[in-house]
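**Q** Listed here are the chains, written in short residue letters.
2 protein chains.
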Amino acid sequence: MIVRDARALTASEIRDLLKVADRPEIISFAGGVPDPSLFPLDAFNAIYADLTLDETAGRRSLQYSISEGLPALRQWIADDLASSGATRSIDNILITCGAQQGLDMLARLLLEPGREIVVEKPSYLGAMQAFSMRRPTYVGVNMDGDGPVIAELEAAFERGARIAYLAPDFQNPTGRSYTLERRLAVLEIARKYGAVILEDAAYSKLSYAGVVLPSLLALDETNGDPNAGTVIQLGTFSKTLVPALRIGWVCAPRPVIERLVLMQQASDLHVSTINQEVALRAARKLFPAHLDILRDAYRGKRDTMLAALGEFMPDTVSYTRPEGGMFIWLTLPENIDSRQLLEQALRDAKVAFVPGQAFFCDHTGRNTARLSFATEKTDRIRDGIERLALLIRRVHNQ
Amino acid sequence: MIVRDARALTASEIRDLLKVADRPEIISFAGGVPDPSLFPLDAFNAIYADLTLDETAGRRSLQYSISEGLPALRQWIADDLASSGATRSIDNILITCGAQQGLDMLARLLLEPGREIVVEKPSYLGAMQAFSMRRPTYVGVNMDGDGPVIAELEAAFERGARIAYLAPDFQNPTGRSYTLERRLAVLEIARKYGAVILEDAAYSKLSYAGVVLPSLLALDETNGDPNAGTVIQLGTFSKTLVPALRIGWVCAPRPVIERLVLMQQASDLHVSTINQEVALRAARKLFPAHLDILRDAYRGKRDTMLAALGEFMPDTVSYTRPEGGMFIWLTLPENIDSRQLLEQALRDAKVAFVPGQAFFCDHTGRNTARLSFATEKTDRIRDGIERLALLIRRVHNQ
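Protein sequence lines correspond, in order, to chains A and B.
Residue 115 in the UniProt record's numbering sits at position 115 of the first sequence, with consecutive numbering throughout.
Residue 394 in the UniProt record's numbering sits at position 394 of the second sequence, with consecutive numbering throughout.
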């Protein structure tokens, strides 16, 4: 009785393998999660206390609320976007259950069986899981050091694709970012073909080099028209505050937001009222100081991992040097299958990572792997990379 | 570029009309929300304080968690179901963002364009909004005093329908319940045709007459097999604790749960971790005493509304006498269109209610209306019914 769309859902074998990665003896670079020791627990304690001691705000925070999301939270997000050069109003913003729900809702709005969607090679697995429920046709575009290869993007649009999902800042899984020139080129080509760009900005605030390039949303020319625009941006507090509140947002032209609000109403009514209120209070109270704390901590971990990779990895392994985010991307010698390597790493080296193949829409990338430096402590990061490097040297020489 | 499924979403004219219902001068029977003065705010204050003062539990509650939902919360729900006669394991339970997300996910699992789904006449509007995104064919079944008319249900199954959405306890919008005999008859006929029943149990705990009939889930014969069953039940804490946590659940045979977990993962990863933890602690701490507080309060409001209806309404108006839930259903004289009546009521009588037509899959029921007794205080309930009755008498005599 299960319909075809739902049959597109399949359990991940890798996920099953990685169930052991939580064990303390395993050094895990597999997670896509932030470091919980950086959660501002004391601030949350004070915010929950203030809120639940306030009869009016407390009861209001426990009641149903509108599907759009709390106006004050949407205003905070609009102000924050404006401060980064993207002038939008609260009517352009919908609160979602994490950025993941935004991806799912946009897939339900824009995709249908066979419709083409352009994705980076590699791309964020969670996005492709959301898209796949609509059974689209993926068009993969290769990346060079500056961003997606423009000739491939144009070829995709030329052949009829009109939707592209792109992550210009510290991408999950590679950590790569687009140059300013490539951002402008992407927008120009999208406008030429009337294509929509879904911009994933989940990691944008986690910049470690002091350089923040304008988002595609900020570069999109809307001339102040709330109904205009080529770019739909997805944002989240999961990486900058905490994931568990499940607060993300979509920033889009109004006609898109109006449809998504109706979809939200029909799909889960609204995002948790109290979580929205708490996220707003936390953002007001903690930003930007807390972001600096996160940047300092993750920058240190990234530096440790890069130093260890430089020290221990054989020259046959190349890796990205991300300026933000949580991930480093390994390209292993061609003869190494990273899925097999993972089994050996879990068993022999007690190290976990995510094999890269799942991030490729065309299932290439068998010799690639994603490493997260976010959760382990620096001494374990160094140890883990050393162990992994030893394993790779051994496997490669077999 | 918007796909056909998403074009099925339309804004509600009634919802726009009812935007004025929040004004203090309007006595509103329109809301479908619980009374916020009954929220256990002090208990929530203590629970949040305990949780965020606990380094381990606090940080864990702010992190990502598994798509299935917290095992301890699922165990609490399984134990609670068992205490009402439905023996299920935590593997039969998925936590959802309110019961609404359960409806949406089941629609995505089971419905596709043109596939038939049986609904009560009238039925819960929110469910039909979720179903309609899959563009099914509705088969409406009339209700008598004991539940759905069995001959009509059988005729629907006979013609090929295999899914029925039913609310046997204190239904939204009518407040009606099924008798035990009718519950058994519904199950028998569903089993005969191999049909799946989606049982909405949102209001089951709000019983005011001391009589609690077994749910369809409890009556379903699974012989302890976690993979077996005809009934999928949807539950929620929205009416018994608070709506804003957005904690609902689906209880279903394991093959269904396994699919839904993958869908949850792809659609919004999981329900807010901290909200699940808080709901669990609140349920452990407050139940069943808090349920008695709710029942006493809502029973009083229901009695007030029924007394006022008896005192003020003309004999040409009939209404339900619910033994639980939040709603009373009016059937007006045939010549009264409740949508027009609402406009007059908002303007002249300063009373709000929901016209009944939207609850009928076949858009009949123009002379019906839903009244909620949940949120207004008793003196305003009495005043509001008097004003509405006066208006109806005036309109009817025109």
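In case anyone wonders, no lab produced these hints; they're calculated from the structure.
Keep in mind it's a predicted model, so treat the numbers as computed, not measured.
Yeah, the Cβ is synthetic: ideal placement off N, Cα and C, and Gly gets one too.
Do not rely on the hints blindly, as some may be mistaken.
Ranges between beta-carbon positions, derived for each pair [as the list claims (entries may be wrong)]:
id, chain 1, residue 1, chain 2, residue 2, range
1, B, N142, A, E55, 44 to 54 Å
2, A, E55, B, L291, 15 to 25 Å
3, A, D144, B, D362, 50 to 60 Å
4, A, V149, B, A82, 32 to 42 Å
5, A, P226, B, N142, 41 to 51 Å
6, B, E181, A, P113, 38 to 48 Å
7, B, G300, A, E55, 18 to 28 Å
8, B, N142, A, A82, 48 to 58 Å
9, B, G300, A, A228, 46 to 56 Å
10, B, T364, A, M1, 20 to 30 Å
11, A, E55, B, A82, 56 to 66 Å
**Q** Each of the hints needs a verdict: does it hold here or not?
**A** So, going through the hints one by one against the coordinates:
no.: 1; hint: B/N142 x A/E55: 44 to 54 Å; result: 45 Å, holds
no.: 2; hint: A/E55 x B/L291: 15 to 25 Å; result: 23 Å, holds
no.: 3; hint: A/D144 x B/D362: 50 to 60 Å; result: 58 Å, holds
no.: 4; hint: A/V149 x B/A82: 32 to 42 Å; result: 58 Å, violated
no.: 5; hint: A/P226 x B/N142: 41 to 51 Å; result: 46 Å, holds
no.: 6; hint: B/E181 x A/P113: 38 to 48 Å; result: 45 Å, holds
no.: 7; hint: B/G300 x A/E55: 18 to 28 Å; result: 22 Å, holds
no.: 8; hint: B/N142 x A/A82: 48 to 58 Å; result: 55 Å, holds
no.: 9; hint: B/G300 x A/A228: 46 to 56 Å; result: 54 Å, holds
no.: 10; hint: B/T364 x A/M1: 20 to 30 Å; result: 29 Å, holds
no.: 11; hint: A/E55 x B/A82: 56 to 66 Å; result: 37 Å, violated
Comparing the model with each numbered hint stated earlier shows that hints 4 and 11 do not hold.
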